[in-house]
Structure formats: C-alpha cells, structure tokens
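Participant: Chain by chain, the residues run as shown.
6 protein chains.
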Amino acid sequence: MNQIEKGFVYLRRRMVFSAAHRMFHPEVDDAVFGKCANLHGHNYVVEVVVRGRVHPQTGFVVDLKKLKDIMEEKIMSQLDHKNIDTDVPYFKNIVQSAENICIFIWQQLEGHIPDGAELFCVRLHETENNLVEYYG
Amino acid sequence: MNQIEKGFVYLRRRMVFSAAHRMFHPEVDDAVFGKCANLHGHNYVVEVVVRGRVHPQTGFVVDLKKLKDIMEEKIMSQLDHKNIDTDVPYFKNIVQSAENICIFIWQQLEGHIPDGAELFCVRLHETENNLVEYYG
Amino acid sequence: MNQIEKGFVYLRRRMVFSAAHRMFHPEVDDAVFGKCANLHGHNYVVEVVVRGRVHPQTGFVVDLKKLKDIMEEKIMSQLDHKNIDTDVPYFKNIVQSAENICIFIWQQLEGHIPDGAELFCVRLHETENNLVEYYG
Amino acid sequence: MNQIEKGFVYLRRRMVFSAAHRMFHPEVDDAVFGKCANLHGHNYVVEVVVRGRVHPQTGFVVDLKKLKDIMEEKIMSQLDHKNIDTDVPYFKNIVQSAENICIFIWQQLEGHIPDGAELFCVRLHETENNLVEYYG
Amino acid sequence: MNQIEKGFVYLRRRMVFSAAHRMFHPEVDDAVFGKCANLHGHNYVVEVVVRGRVHPQTGFVVDLKKLKDIMEEKIMSQLDHKNIDTDVPYFKNIVQSAENICIFIWQQLEGHIPDGAELFCVRLHETENNLVEYYG
Amino acid sequence: MNQIEKGFVYLRRRMVFSAAHRMFHPEVDDAVFGKCANLHGHNYVVEVVVRGRVHPQTGFVVDLKKLKDIMEEKIMSQLDHKNIDTDVPYFKNIVQSAENICIFIWQQLEGHIPDGAELFCVRLHETENNLVEYYG
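Chains A, Y, H, Z, F and S, in that order, give the protein sequences.
First residue of the first sequence? That's 1 in the working numbering, and the numbers climb one at a time after it.
First residue of the second sequence? That's 1 in the working numbering, and the numbers climb one at a time after it.
First residue of the third sequence? That's 1 in the working numbering, and the numbers climb one at a time after it.
First residue of the fourth sequence? That's 1 in the working numbering, and the numbers climb one at a time after it.
First residue of the fifth sequence? That's 1 in the working numbering, and the numbers climb one at a time after it.
First residue of the sixth sequence? That's 1 in the working numbering, and the numbers climb one at a time after it.
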C-alpha cells in the first residue's frame, strides 16, 4: 500500500543533473514529438521521497549521508552530464520521456534505501513548468 | 477513489495568469475580508495534475501539447488579464476566494483531459505564501 | 484516516523562521551527525496544510488571519530567532533533527486549527535540498 | 553620479504587494496595450537598494527596522491590496506601466532613507519574466 | 559608455531555452573540461536588459511585444530545443561555454532592439548556481 | 575603478552555507539589534562575481573548478556549519551583521581569484528578503 500513513515522516532529498535527450521511437512519427524530436537538454531536478519512523536516538528517518551516496551512485553517475540518447543503455528501446526517466530512477533506487526506510515517490522536474511523479 | 495508486505516473503542468479580484458577499461584512475586500490582483500560479499509465510508444501519460491547449482554452482564456469581479460570470454569486477559483478551474477541466488520462488535482498559488489544492 | 478525500480543499500557509540548532544525543557519537554536530543555523521554511470544506459565504476553508495568528503563536514565537539547543525546552532530551522539529510543530498546532478545519500536514524545509513532511 | 563606488555596501530589501492595474492613456489606442488594457492584477515584487558605509558599532548600513517602516509607509500603504486605477491619485494622468510604478516608488522613497544611507535603485518585478529598474 | 545613467529605466525580459552542448576545442585536452566534455544539456535562462527613457504616453521603455518577438527570432529559434554542437553554425569553431553563448546572444540582438531603446546586458544562467553576464 | 567595462564577461558562482550568528557589540544596547541579539541562524546564499576576458581556447573567464575550490577553502570551510559567534576569530570584535560577513568574504577571496580574473562583487543573501553586496 502506498497511501499516506500515520506516524511516518517523509523525507525529500533534491538533486539536479544536466543531460541531453531527444524523443524518438521507431514506430512513432517525429511530428508527434514536435521540437522534442531534436536532441536538446535540461537541468533535471530530481526529488526522492522516502518514508519511515524516526529513530529515537539519531532523530533520523534515514541517514542523509547514506541517502546522498545512493543517489550519487544510482542517479547522478548514470545521468549527470550524459547524453541519455547514447550513454544510458536502459533507453536503447525506451522513449526518453520525463515519465520514463522518472520510472528508471525509481527502478534504480528500489531496494537500495538505507536504514529500513521505504522508497515512497520519485519526482522529476524537466522544466520549471513540467514535472512528473511516480509512486512505484 | 482519489488516492495514490500503483503504476500511475502523475504529470503536473504549471501556468501563470494575472487577474484582479476582490472578496465580496452580500451577506458578509467587509471587515471579515479585511484588505482583500478592496479590488486588488495577483499573479496566480496554477498547477494541473493528471495521472495515467505511460503509453508504450510515445512514453507519455498525456500529450503535453494537447494538455496545454486545454489549459489555454479552459483556464487562461477565462482568467488571464481579467477582472474576475466583472469578467467571469461564474463568480457573479460566488466569492472570489482562492478556494473557489481552484474549484472553478477543476470544473472547467473535468471531462476534458485528453488521451484517457484522469484529472487528479488542481493547485492554485495566490501568493508565494498561500496555496490551495482541490482533488474533486 | 488521513488520505485524500473528495470535496475537501487543502490550504497551505508558508512561513520562514531563522534558528540555530545542532545535532546531539548523549548516546550517539558526534561522528554520526558529521558537521551537523556543530552549532549552526537555517532559514527554516514551514508549510502548514489544513483541509476542510469551503464555507458558502466567506469562500474560506479557514480564516487565513486566524491561521496566521495561530502559526505566529505556536511556531514563530517558539522558534524564530531562537537557539533551539538552549531556548526550546521540548528539545532538552530530543535530537533537534528536521524530523523532530516537524513533529514538534505538528504537536504545537494540533487541536488549534480554527473554523473546524483539520490539520493535515506539516512540511519543513531545512535547506533548499532537504525537506520533511509529517501527517500526524 | 550613480555608479558603483568603493567602500560602500549595498543593501537590498524585498517586499511583495498585490494590486490591480490596467494600461490606459486617453491618446493611445487600447490595441497598443493588448490584453493589458483590461483591468487585471499582479503580485508585484519590489526591491529597494540603498547604499552607505557600515557603521562601526552596529555593523549596519541602515537600521533594517527603520527601512522596513519607511517601505511600509511609502510603498505598501499606497499600493498593497489597491486598485492602482482608482486608488492611487498619482496615476490619474500617468499610465500604470511597471516603468511608471517603479519611478513612483523611487519618488515616494527619495529623501526618506534613514541613517544617512542613499537610495540607489528601485527594482520592480511585475511577473517572474518581466522586471524594471530605476536609479533616479 | 555603459555605466548606470540617470533618468533611464532598465527593463529585463526573461526566457528559458533547452539545449544540448559539450565543451570541446581541438587544441585543448578534454580533461580541462572535465565531465562537461561529454554532450549534456541545460535549461538555460536568458535575461535581456534594455534601457531607455519612458515614453510619455505608452509608459513603456520598449514595447514588450516587439522585444519578445525579437528574442523569439534571435534567441529562441536559434537555440531552443537544439544541439548547439551540431545545429548552431556560430559554434563550429568556438567553444560552447556559457560565456560564449552569452556573447553570441548579445551579437544576435545588437542593433535589433526596438523603439530606440539600447541593449544594456545579456545574462545567461546555465544552472541555478552559475551565471554569466555580458555588457558588450 | 570598479564600474562596468566593455569586453568583460562577469561570472557569478552561487553557494549556500548554514551558520549560527547573533548581533552583539559591547557598546551597543541589545534593543538596537532586536530579536537578532539572540543567537539564531540562516542558510546564507553567497554569490561571488568575477570578471575577465574570455580565453580563446577554453571559452572560460575562469576555470570554474578552480573557483569552486577557492570558494570551498576561503568561504565554506570557514563558515559552513559554524557558529560565527564562537568559531570565526575575525568576528571576535566585529559585529556579525550581513554587511560585515560580506566584507569578510571579500577579504578572504581578494588576491585568490585564479586565471587572472578579477574579483568584482560579493553578494550575500541572509534571507529571501534581505541581501547585501560589496564591491571592495
């Protein structure tokens, strides 16, 4: 179950990565993707939300240092300063939409949240006007 | 049901409109509304959240171009650079609170979200400190 | 129950307070807290979300003036321009993590929301990259 | 002379006011003003920049409390929650453009900066995309 | 001369474009450019500042509609949703640094500011932490 | 001379540090400092502006990596997660105002800007409403 539950604290950590992408699918006409069919790029803002109960001694839901390390390894090293079109094997046959990049990040993180906390949501801002969220 | 469900992606599109409004109700004393009883204005930031499953070929929850067109027609053309007090018939007998403008926007959009996606939430920022959300 | 319900409007009010804090627990090694073991400070951004039905005459979920007064009394007067380490008795034996400050704010507000509205969420931004949320 | 000088510190104070306005001039066709000819409104963000030398004991260029009071009296009480079109006599015969509102604010403040500091710049954001600056 | 002068109003218009780029020069080792040697991308925020005297009837320094049209033609159509590395001839032999993109934008605009206003500054944000400015 | 000159590019790098401070001077009454006389804290945003001519091969005004290293050493290691009141010797006899912290940062950086670029401005945001600037 994925709805808001009593007693949990939700912690959100934000990072920014810069990447090139283009929208392409062999069976879809480029016109569907408009100007996004051309290779371009974004400063993607990613927010990872985890939830758990507060540890009575540390006061933490999760050790932020560990969460940052996981995000560096699973998100930043894969996507930051990359051309998603050629550098990220996952997108070889998957359209590089914000929706799919968000699901990719979820899959990268799932099972790797430290300290017994639970991955709750991945939010990806493509521009200041467009964002997508995924809850698994 | 309106809670967070597995497998969905939530897409949020943001637009800004500038409008004048005042708080007024024939049976309410102006003092209740304080300085908001005087005609003034805002840069309202509206965020429309739709949800759906990702299309396997386009990678989209919804075609953003179509969503933008709907938002232009149903929100911007109604509210941008308007005096809500005199230009929007809906508010003839309804107080022009952020809450009611948010519900108005929901009603404008309901049934018009393209590509089988579902309207999930309308969020309206009146100032950088105040916002309201409505889930239908 | 605390999940999203039909017919409600959610209103979020944002305030900022500046406070000093440090991470400390007598049974936890300072190394666990890293540089946060040293007294430092933040501009904390707090968002209080209440929900309720819109009053047919005022158009309000809650009278914002009353909500602001409650937040001034229960949050700002306790935390703004304070050293949480020495000035806030609640944290005498409780680690001053963002998580615990968020829960403290919830407990301060609970039962004090005016006009029959319900406290729904407290969100606390410690920096532009870290935030926590609590739903009771 | 108004250029950047050595030894000065420049202090910028930001406030936000909400006002209705419209673009109108008896000798100008409404088409010149486009949709801005219709009464609408903004959350105007005003930044006042003063400059001076740092006082050796207080460490201040200007007592911020006094500066805030002047800005409340000279800007906020004149413009916040007002309809500039009808509530501000200065604009009876002057177009309510961002440029002119910025100059109006400068004239309101000139000669009233406390503690021997100098008014250096008034900056007015009409939207997140448009701003004007005036240096006297 | 390019310094701040009395009587002028400075108007700043902001736009955002999304582009891919990489840092490359045939005589410079890739290591100098670090991870920026790899093709990646940004949401570039460009601010164009023009200055002039306020027209007594329109209240404008410059007709914003005309300025937007020039910026669309000279900036957006050249850079938005482009791969600067292959799509913009100017950068065939010029490193695609933020500095050089900023100068490119200046050169694109110079001589094209409408209504007798003067191009004063081009500011380019590459990320939320890095920006460059050019005054000609 | 410190005014805007032709041919230069100005590069601004932004960092954030979290610190505790209080306003105190032995010869000034605490009442002058109001609530700021109490130890509290901020997320200070510092922007360092350097200027120079663009290197024809690298396209840089300054190697950003080197500038970041200098800022880490001269600003962050001195102020981040510190109690300015007790941890920074410079402020033993100097009031910890934003003005003086800004001047301190200038003095820390002066003479250490790499690649022949020139330190032009230090800007320090204490809150989202207050900032100070210093040009030497």
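Errors might be hidden in some of the hints.
In this list, chains with the same sequence are indistinguishable; a pair is considered to hold if it fits within one copy or across any two.
Said to hold, decoys possible - Pairs of lysine-lysine, DSSO-like flavour, derived with a Cα cap of 27 Å: (1) Lys74 / Lys92; (2) Lys35 / Lys66; (3) Lys6 / Lys35; (4) Lys35 / Lys74; (5) Lys92 / Lys6; (6) Lys92 / Lys35; (7) Lys6 / Lys68; (8) Lys92 / Lys65.
Derived from the structure by calculation, the hints contain no laboratory data.
Participant: Confirm or reject each hint.
Facilitator: Cross-check of the supplied hints:
For the identical chains of this complex, lysine 74 and lysine 92 are intra-copy neighbours only, at 18 Å inside a copy versus 35 Å across copies, given an alpha-carbon limit of 27 Å. In this homomeric assembly, lysine 35 and lysine 66 come within 27 Å of each other (Cα to Cα) only across copies, at 15 Å, whereas the closest approach inside a single copy is 39 Å. With identical chains, the CA atoms of lysine 6 and lysine 35 are never at most 27 Å apart, being 45 Å at best within one copy and 31 Å at best between copies. In this homomeric assembly, lysine 35 and lysine 74 come within 27 Å of each other (Cα to Cα) only across copies, at 17 Å, whereas the closest approach inside a single copy is 29 Å.
When the C-alpha separation of lysine 92 and lysine 6 is checked against a cutoff of 27 Å, the pair qualifies only between copies, where the shortest distance is 25 Å, while the shortest distance within a copy is 41 Å. Taking CA atoms no more than 27 Å apart as the test, lysine 92 paired with lysine 35 passes in both settings, with 20 Å inside one copy and 22 Å between copies. In this homomeric assembly, lysine 6 and lysine 68 come within 27 Å of each other (Cα to Cα) both inside a single copy, at 26 Å, and across copies, at 25 Å. Taking CA atoms no more than 27 Å apart as the test, lysine 92 paired with lysine 65 passes between copies only; the shortest distance there is 25 Å, against 32 Å inside one copy.
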